Structures are given as structure tokens and as C-alpha cells.
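> Each chain, written out:
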Amino acid sequence: MREITYLQAITEAVDEEMARDPTVFLMGEDIRQWGAPLGEFKGLFEKYGGERVRDTAISETAMIGAAAGAAAMGMRPIVHIMFSEFLAVCMSDIRNVLTKTRYMTGAKTKFPATIMSYSGAGVSAAGEHSTCPYGLMMTIPGLKIVAPATPYDAKGLIKSAIREDNPVQVLYHIKLIFDRLTGEVPEKEYTIPIGKADIKREGNDVTVVAIGLMLHRALAAADKLKEKGISVEVVDPRSLAPIDKQTIIGSVKKTGRLVIMDEEPKTESASSEIAAIVAEEAFDLLDAPIKRVCAPDTPIPFSPTLEKAWMPDEEDLIKAITEIT
Amino acid sequence: MAIEKGKLIDMYRTMVRIRVFEEKIAEDFAAGEIPGFVHLSAGQEANAAGMCANLRPDDIITSNHRGHGHIIAKAGNQYSLAPMVAELYGKKTGVNKGKAGSQHLSDLDIGVLVAEGIQGTALTLAGGAALAAKLKGTDQVVVGFIGDGTLNTGRFHEGMNMASAWKLPLICYCENNIWAESTNIYDVTNLTKLTDRAAAFNVPGVSVDGNDVMAVYEVAAEAVARARRGDGPTFIEGRTCRRFGHFQGDAHLYRSQEEKDECMKRDPIPRFRKKLIEMKVLTDKEADKIHQEVKAEMDKAVKFALESPFPDPEEVLTDVFAQGGKK
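If you're matching them up, the sequences are chains A and B in order. Basically my numbering = 1-based index in the first sequence + 3. Basically my numbering = 1-based index in the second sequence + 34.
If we strip away everything but chain A, and leave its shape as in the complex, we get (with noise of 0.2 Å):
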């Protein structure tokens, strides 16, 4: 099978899904000339137009506002909020509006919109340009969230975002796009249906459950343990909302043991959300403590040996799954 890049993939879900549905377009800051400014929309504006692929101004609450408007009027938008830390400057549009209103006029309205947003550390971008917000998004009502770790989860996923009737948050990782990630992407459409997770390394002794960039942690970590005779099970849960309780769950039932690895600070992280889950409805299938092996509580620090520390990383999580197994 064709490998390409995790960017690539991107670029690919997003021409296809225009190509398919006019009511598909596009806004986002820097949209023409860069085709976002790591190029995730590249080639598009060529393709479709300054209709279709608009440039905004910086107004990211307009932004929202107008696509929850668009989405209302039987459009599609997608969004581009760049990075994950300018979804803040716009939540009041994302949480009082785009993901509320269909509720509060009793279902007279429905928001197909995309907000798309790149997120995480590991490229030295500082407190405003690294966060991955999954846990803050999490809490939103309404509002579905996919984070894609491979170039196939991330066409998949992002086709049926555009699709979706709902609003949905695509959080994609920016050291994945830096570090030119490649993996198997076939000719072919396809989709890949949001609220399911995927078991990306079968194993028996532990089960790690690990989000976007810490999925690529968590499988070398699973490599330099199986030296150790310690057989790590690698849940990927792709979409954070809805979260696939199953498959996590069932994980835990054939190991007994849960870490979950977040690149968060640790206080209502995703991680949380996943070990009370698996706290509340299957404590009895548990042999041992849930670890979470997760950033601090601090804001990301720029220098990269800080930075580093900052993040999650490969011997943390072996750490974790040492002291349990």
C-alpha cells in the first residue's frame, strides 16, 4: 500500500470531502497564500477559489460565529482554528453557541461544522502555541472531538468529521506533522466512524490507553518492554467524545490493569475523564491502582531541555507500568 504523510492526509480528507459536497468550504487565517500556516490546505485555493477557501481576518469569534451561522443555513464549514490555544479566544462561540443551540430551539436547528486545530508541545513553541486541550474540550455537551495519531485515522476521521451533522472538534498534533510522520494510506475512500477506538498492539499483562503524539510514545515503550517479558496492550482512543467505553473496557478486562498516557497537565486531563470511567463501571475487572502518566500542572516552558522534561515521555510511562506489573 501508498505511504504518505500525516499532512498529507489531512490535505487529502479535506479536497476530497470539498470535491464531493459544495457545500463543503473552508476559512481560516492564512488560508490562501500558505495554505495554513503548516500548509494543511495547500493547493486547495488554487483548486476551489477564494469562495470556497477564505481568507479571514484574526477574529476568531467571527469565525465561529459565522460558521455556526453557515452550518445552521445547510452549509458545511470547516474552521481553521490554528493552534489549539486560540480555541480559548473563541469558547464562548464554541460553547454557549455552536454546540448549545441546537438544544435550546428544541432541535429546530442542527450545526454540521468542522473546527479544525492543531495542537501539542515537543517543537518549542511556548505556553500560547502547545497545548493539547482535550480534556477542556471534553467538557463541552454537543460537541464531538476526534484526535488523530496516524495518517489513516486522520483522513479517515476528518472525512467523517465534514460529514458529521454535529459540530466536531479535530485535534491533530503538530510534532506529528514536524516530524514527517508516514504511514499507510489507501487509494481508496474510506471512512472511519468517530466514537470508535482502535487497538493499535494487542498484549495481556496492562492496557495503555494513549492519545495523539503519546500513541507513538506508548508503542516503543510497549517495544522495550516486551525485551522485559511485559506484554502491553496500546488502545488508541482516536475520538475523545464520544469515547469508546467498550473498547477501553474490554482491554482492561483482559489485562486487569490501566495507564493512561495524556500530554496534559494531570487535573481534568482526558486522562481523568478515562480513569473515572473505568474507576465507575468496571473497578472489579482492576488488579491493580490506574496510573496516569501525564504532564504537570504548570504551563509549557520553551527552553527544549524544560520543554522535554515537561512532556511525557517513554520512560515515564515504563515507569508507570513497572510499578504495577
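FYI, nobody ran anything at the bench for these hints, they're computed from the structure. Model, not experiment: these values are computed from the prediction. Glycine included, each C-beta is placed from N, C-alpha and C at the ideal position. Errors might be hidden in some of the hints.
[What the hints assert, rightly or not] Reference listing, derived: stretches of chain A covered by chain B, where coverage requires no fewer than 3 residues with Cβ under 8 Å from a Cβ of chain B:
no., region
1, 166-178
2, 310-318
[To be verified] Sample of chain B residues lacking proximity to chain A, with all beta carbon distances greater than 10 Å (derived):
no., residue
3, K58
4, E67
5, P91
6, L147
7, G161
8, L169
9, N186
10, W213
11, Y220
12, A255
13, G264
14, G283
15, C297
16, M332
17, P343
18, D346
[Stated by the list, open to error] Straight-line Cα separation of at most 25 Å, DSS-like style, residue types lysine-lysine; simulated pairs:
no., chain 1, residue 1, chain 2, residue 2
19, B, K299, B, K319
20, A, K45, A, K162
21, A, K50, B, K170
22, B, K41, B, K337
23, B, K58, B, K360
24, B, K168, A, K50
25, A, K203, A, K227
26, B, K170, A, K162
27, B, K58, B, K308
28, A, K322, A, K294
29, A, K162, B, K360
30, B, K337, B, K323
31, A, K191, B, K360
32, A, K50, B, K201
33, B, K308, B, K41
34, A, K269, A, K311
35, A, K203, A, K269
36, A, K248, A, K203
37, B, K360, B, K168
38, A, K257, A, K294
39, A, K162, A, K229
40, A, K199, B, K360
Once you have looked at the hints, place chain B on chain A.
Then chain B, alone, in the frame of chain A:
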């Protein structure tokens, strides 16, 4: 501009419907019949009536916390008041199934997309609806109703800039009742003319006596024509005043007696009635008949609301997500 007779009578009836609705709701709220809060638009009727009389059924408006009048005006006089009243009462038969209440009352079926309690989002969402009209190539026009207080939000700036840069078929209708809750707009804004703000976006800014429905109608007609032919947005300031406090129960002690008296004197309804009688569009008797009919209609709507059941508790979990998607 000669406004045809039927339109004049329709606008009068719309204004009476809004007034009767608001006064009855004020009474029922004070009696403890209505949960939550209500923000009443009595005194401001000419703005909604004059603006919406220029719109087609497929045109869109967005509204705000003080929105009852906008909806009644956009809906047209054939639209029943009963589901609106039932919504305010929190009933299952409410237009939004009891999930909106007064502040978020809306009905996309009659072109009322949303009613927003976060100031400025009425404008940014209206921009999105106008963008959809532009992309789909319809000639629909969208009106975002805001209040004077919204002029100082970031959303106003972002929304107006976007609408102007993209030449969207949008009208920003600002009802200037000079009070943002209890704060006088001129105490927190270094402007004497609110329309000066429009110049910053290279958008025509028109100020009109918002208690003179015929003047509002004329200004609105021009803005709608401009938007409809693709020439972009207009900012309208309707200078008006509210007869009640910010919310029902607010004694509005921050207003001087002189200002309140002046507001009562500026009442747009007797003023329009007098004009219609002078123009021989209506007789006194015909005008009285409109009031009586509307009162009877409102009594019936309240009865419907009172007799309607509350929503089933299971309804809490419905309507969060739409099912399905684009196949």
C-alpha cells in the same frame, strides 16, 4: 415613500401584538407564573415592526435577550402567539419544547435563526447566515438585532469587519435604548453618534427615530435593497427607549423620572395610530378592534400555555445531537 395601506395596518397590528404580549407577560411574570427571567421590549416595537415588514419569509433574523418583539414581527401576524407563550411558561408545547425560555426563543421555520444571550453573537451568527446566502447564490437578506451595549464587544468589531470585507447581505440593526442593563451607553463610550462606528468598517451608518415606524420602514427598505442587490451591509441605529426595566422586576432606579416620562410620551403606538387616522388608513373604531382582537388572541395563547403539560423528564436527554449525517 408611499407605504401601501395593507402594510401600514399590518405594521400597526404587529406593534399592538408585541405590546399586548409584553404587558401580559409582565403581569404573569409578576404573578409568579413564568419561571426564570424576562426582558421586555415594550416601547421598542417600531424597530422590529418597521425592519421586519421589509423582509420576505425566507429572509433570516437573529435576535438577542430582548427578543420577543423581533420574533413576533418576523413571523408575521398569521403566526400563532400560543407556542411562544407556552415556551415562556416552560411547557412541552413551547416552540422550543421548553428548552429555550424567554431569552432564547427562536424558530428557524419562520426565519428566526437564534436568540442569543451572549452579546454580539447575534451579529456574528447573522454574518454566517448571510455568508451561506452568498455562497448558495440566493438573494436572502439577514438582519442581526443588537442593543447599544453590544457596540463595545469584540464580536461587534469582528462581525462588522467580516461582513464588510466579504460584502455580506447583512443588516446590523442596533436598538439604542441608551441602557446596557443599568449602564448608560454614553457613560462608557466616548461617542455622541453611535453611527460613527459604522465608518470604521466603511459601512453606511444610518440613525433613525426608532419610535417612528414609518421612518424605520423607509431606512430599512433601503438597507434591504442594498443587501439584496449584493452591495453589502448597513448599520442602522434605531433611537428608542424601553418602558420596563432591563428585566421584569428591575425597578430601573438608575433612570431619571424625566427620562422615564419622556419615554412614555414617545410611545410609538399611539403616535402611529394618530398618524394612521390622519391618513385615513384606519378609523378609531377599526384601531380599537385591532386591540380587542389581539387581546383576545393573547388570552387564548395564555390559556393554551396554562393548559399545556410540562415536558417529560426524559426530554432532558434529547436534541443534543442530530442523528445521521451526509451520506
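> Determine which of the earlier numbered hints do not hold for this structure and return their numbers in increasing order.
2, 6, 7, 8, 22, 23 and 39
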